[in-house]
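Please construct the entire structure, taking both the sequences and the accompanying hints into account.
Spelled out, the chains give:
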Amino acid sequence: MSIRVRQSWRSLGLFLVSLTLVFIAYGCSPSSKKAKTTISVWHWMTDRDSVFQELAKRYEGLTGTRVSFELYAPSDTYSQKVRAAAQGANLPDLFGILGEKRDFSSFIKAGYILELTPYMEREEFKWKKSLFAKALGVNEFTEGNSYGIKPGIYGVPIDIITIQMLYNKDLFKQLGLNPDKPPLTFAEFLKIGEKIKAAGLQGLVSGWGEIWMIDCLANNYAFNIMGKDKVLATIKGEVPYTDPDWVKVLSLFKEMRDSGVLASGLVTMVNKNAEQLFANNKAAFAFNGSWCVNVYKGMNPGLAYAVMLPPAASRDYPMSIWGGAGSSFLVNARSKNKEAAVEFLKWLTSRDQQAYLSEATMNLPANKECLNKLPKILSQFAQAMELSTHPNTWDISESPQVIEAFDKGIQSIIIGEKTPQQIAQEVQRIKERQLSSLDHEIKIRPGKLYFYPSGNAHLCYFLSYTFYLGIPPRPLRMGRDTAY
Amino acid sequence: MKAAGYYKVKRIIINTLIHLFLITIALSCIFPLSWMISSSLKTQETVFKDMSLVPKELHFENYILAWKEGGFGRYFLNSIFYTLSVVIGIIIVASMAAYAFSRLRFPGRNLLFFMFMAAMMIPIPGSFVALYVLLNKLHLRNTPFGYILCMINVGLSMSIFLLKTFFDKLPRELEDAARIDGCSKFGIWWQIALPLSRPVLAVVVVFNALNVWNEYVLALIIFDNKNLMPLQRALMMFQGEFMTNYPLLMAGLTITALPIIIVYLFMQKYIVKGATSGALFG
Chain A
5 MSIRVRQSWR SLGLFLVSLT LVFIAYGCSP SSKKAKTTIS VWHWMTDRDS
55 VFQELAKRYE GLTGTRVSFE LYAPSDTYSQ KVRAAAQGAN LPDLFGILGE
105 KRDFSSFIKA GYILELTPYM EREEFKWKKS LFAKALGVNE FTEGNSYGIK
155 PGIYGVPIDI ITIQMLYNKD LFKQLGLNPD KPPLTFAEFL KIGEKIKAAG
205 LQGLVSGWGE IWMIDCLANN YAFNIMGKDK VLATIKGEVP YTDPDWVKVL
255 SLFKEMRDSG VLASGLVTMV NKNAEQLFAN NKAAFAFNGS WCVNVYKGMN
305 PGLAYAVMLP PAASRDYPMS IWGGAGSSFL VNARSKNKEA AVEFLKWLTS
355 RDQQAYLSEA TMNLPANKEC LNKLPKILSQ FAQAMELSTH PNTWDISESP
405 QVIEAFDKGI QSIIIGEKTP QQIAQEVQRI KERQLSSLDH EIKIRPGKLY
455 FYPSGNAHLC YFLSYTFYLG IPPRPLRMGR DTAY
Chain B
242 MKAAGYYKVK RIIINTLIHL FLITIALSCI FPLSWMISSS LKTQETVFKD
292 MSLVPKELHF ENYILAWKEG GFGRYFLNSI FYTLSVVIGI IIVASMAAYA
342 FSRLRFPGRN LLFFMFMAAM MIPIPGSFVA LYVLLNKLHL RNTPFGYILC
392 MINVGLSMSI FLLKTFFDKL PRELEDAARI DGCSKFGIWW QIALPLSRPV
442 LAVVVVFNAL NVWNEYVLAL IIFDNKNLMP LQRALMMFQG EFMTNYPLLM
492 AGLTITALPI IIVYLFMQKY IVKGATSGAL FG
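Protein chains in written order, with the working numbering: chain A, 5 to 488; chain B, 242 to 523.
Among these hints, one or two may not hold up.
Here are the simulated DSS-like pairs of lysine-lysine, each with C-alpha atoms no more than 27 Å apart in a straight line [to be verified]:
#, chain 1, residue 1, chain 2, residue 2
1, A, 201, B, 514
2, A, 173, B, 290
3, A, 61, B, 467
4, B, 378, A, 276
5, B, 290, A, 380
6, A, 286, B, 378
7, B, 378, A, 301
8, B, 297, A, 276
9, A, 40, B, 467
10, A, 342, B, 467
11, A, 113, B, 378
12, A, 173, A, 258
Have a look at the derived ranges for each label pair, beta carbon to beta carbon [stated by the list, open to error]:
#, chain 1, residue 1, chain 2, residue 2, range
13, B, 436, A, 58, 53 to 63 Å
14, B, 305, A, 147, 37 to 47 Å
15, A, 58, B, 305, 19 to 29 Å
16, A, 156, B, 503, 52 to 62 Å
17, A, 436, B, 352, 29 to 39 Å
18, A, 277, B, 305, 24 to 34 Å
19, B, 378, A, 156, 28 to 38 Å
20, A, 58, B, 455, 24 to 34 Å
21, A, 92, B, 314, 48 to 58 Å
By construction, these hints were calculated from the structure, which means they are not laboratory data.
Note that the Cβ used here is the ideal one computed from N, Cα and C, for glycine as well.
Dropping the structure here:
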């Protein structure tokens, strides 16, 4: 027995030694030779990765500066990585932040993001002028913004997005409608709903199961009915959600439901399903973003469709659509390569590179100088850029609880569970609660990056420091947003 | 005679119903797999148009494309290395710890055990930032060793719990006999406890192998170098922000699922044994 035990000991020891050697060999393998300057870029855009790699090659050939694009998808995990890297001071030279403007402002306050205004203003604003102002607006903080950020531009858009309505030309013909004349007014739109119902077709499809798209259309109509100032006044708490204009906005969804212009099962529909229905000629209308061009091309290359603005419900204010920067890159203010990174961004957003990016990925370019090179359907999306707006450009944001109540309320209206008046009252109640709780919230300390996890991260953080390292934890940093 | 006929009919009816029920369950398990394989042989267009399970045209080239575009070669090796290291690490540490919790008497034993159990309640995503900061401090971020340590840590609680439950039921007489023969504590663990716990070890191996093989989020957070990423990274290449390349994704998923199905088939006997002998107790 003792000989066997000794043998077993020896084999276990041998195994552990070889495992350690493998670890050492694996962990200490020599890293590849680096060029003079290497700009590291973190991104989440799977569909654009190969194009980015190609552009990086071209840039290296042109300047000798190596650009390393590292893809971290899906986007929610990417966001976690960026936040974790910020905690460990390991952010790359260029990166993007996915989230609301308050998240963006946290990174700026923590000193992770370089202000780009001086670079934009060089050579008589050449760089700034080449980009869509609305797309830049997403990365801009204006004077007196509610986040307390120094006014300026802090990011560069590499593409843009607009969210509009689309209609199926073949189904329009089938319904006896002119495929070149989409409905311009809400009344016309509702009339088509009656025809759709009579023909047994599906009407409007969209990803309203992912509720942000409902919010998007509802805000379009809020801008159309009461104008931007009143919408912002509501967010500030100066106008109640029970105002007749807001009730009117909510009532539009009831009218759409009653007319039959909405597809069945719309409230739980995810955008992928909506895209599938529209691409397979099963729905007359879709509410979708400019990214859909690429999606429909993959699903049904022969699909005959066109873009239209959401039909106006009022003549008082122009129709607005959601749009702006699709994806943006930010420069790490603590990077030793920040100048080189800015130079690369300038090159990436110049006309030729933007045209190439747009052609290869079917996304709308951020550079307005290459719009004439776009396919017809993409240029239809781009034309409405001037009508676009986005919450990230408003310098004030509605609380997530109010947005959720508003959007879920619209879902309730569509399924006939509640009336627009009831929803308006419910949303207002939550808004009032939010406004009163503002006085009691924990103050955010400037210069700190805030994380808002489920509480477990704090616990783990505490445990890891206390039990593993024997070092007392840093003070817990708290804030009011649940997204971080 | 009449009664025998009645019981025969009754048995046939009950058996038919049981079989129908089991076939339905089996079909519901097999359907996603068949849909995955079927979609992997279609084109992006026919995935949405042709709903049949047997496509009219079979596009086997999707597998070659997926392998090349996803860079499966490198990631496959990485995943095999991580899975083997983590599973071996868990077996060594968890079996020793479980044996100690089951057999040794030392102060704070229960407290320590409950602390391990409490760790099971903390969801992994909740500890990402903490793990990241910890690895960064230890200079283990962006290294396979750091990732393996984290994954071993992730699998320990459940494995210790399973093994301790098994060791608790093991007759002490066997150990006494070994001790009379001159076996040390380590010898008993190595010669007696470990070989006898094969069924529960099979469960531990499959559970943890599955966990490591399918893990991606922690790897993505810890690794900056894509060459160190596990297999799941290859699959993400086919999932765009707005668009998914379904045929290549499904081909990739089929490639990824194959090794783990093979492991499961090989260890099936032990897993069933483990489950029936109380390995999954609790």
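Right, here's what the structure says about each hint:
For the proposed pair residue 201/A and residue 514/B, the alpha carbon gap of about 59 Å is over 27 Å, so the pair is violated. Between the alpha carbons of residue 173/A and residue 290/B the distance comes to roughly 19 Å, so the proposed pair stays at or under 27 Å and holds. A distance of roughly 18 Å separates the Cα atoms of residue 61/A and residue 467/B; the hinted pair therefore holds under the 27 Å criterion. The straight-line distance between the Cα atoms of residue 378/B and residue 276/A is roughly 42 Å, outside the 27 Å bound, and the hint therefore fails.
With a C-alpha separation of about 26 Å, the suggested pair residue 290/B and residue 380/A falls inside the 27 Å cut-off, and the hint holds. Note on residue 286/A and residue 378/B: the hinted pairing is violated, with a Cα-Cα distance of about 56 Å set against a maximum of 27 Å. At roughly 48 Å between alpha-carbon atoms, residue 378/B and residue 301/A are farther apart than 27 Å, so this suggested pair is violated. The suggested pairing of residue 297/B with residue 276/A holds, with an alpha-carbon distance near 24 Å, which does not exceed 27 Å.
Using a Cα cut-off of 27 Å, the hinted pair residue 40/A and residue 467/B holds, with the two alpha carbons roughly 21 Å apart. Proposed proximity of residue 342/A and residue 467/B is supported: the alpha carbons are some 23 Å apart, at most 27 Å. Between residue 113/A and residue 378/B the CA atoms are separated by roughly 24 Å; this keeps the pair inside 27 Å, and the hint holds. The straight-line distance between the Cα atoms of residue 173/A and residue 258/A is roughly 26 Å, inside the 27 Å bound, and the hint therefore holds.
One distance hint, 53 to 63 Å for the beta-carbon pair residue 436/B and residue 58/A, holds here, with the actual separation near 57 Å. The hinted window of 37 to 47 Å between residue 305/B and residue 147/A is violated, with their beta carbons roughly 57 Å apart. Checked against the hint of 19 to 29 Å, the pair residue 58/A and residue 305/B passes, with Cβ atoms roughly 22 Å apart. Between residue 156/A and residue 503/B, the C-beta spacing of about 57 Å keeps the proposed range 52 to 62 Å intact.
The given range of 29 to 39 Å is broken by residue 436/A and residue 352/B, whose C-beta atoms sit roughly 48 Å from each other. Residue 277/A and residue 305/B have their C-beta atoms about 30 Å apart, which keeps the hinted 24 to 34 Å range intact. Range check, residue 378/B to residue 156/A: Cβ separation about 34 Å, and the 28 to 38 Å hint holds. For the hinted restraint 24 to 34 Å between residue 58/A and residue 455/B, the CB-CB distance of approximately 32 Å keeps it satisfied.
A beta carbon spacing of about 30 Å between residue 92/A and residue 314/B contradicts the range 48 to 58 Å that was offered as a hint.
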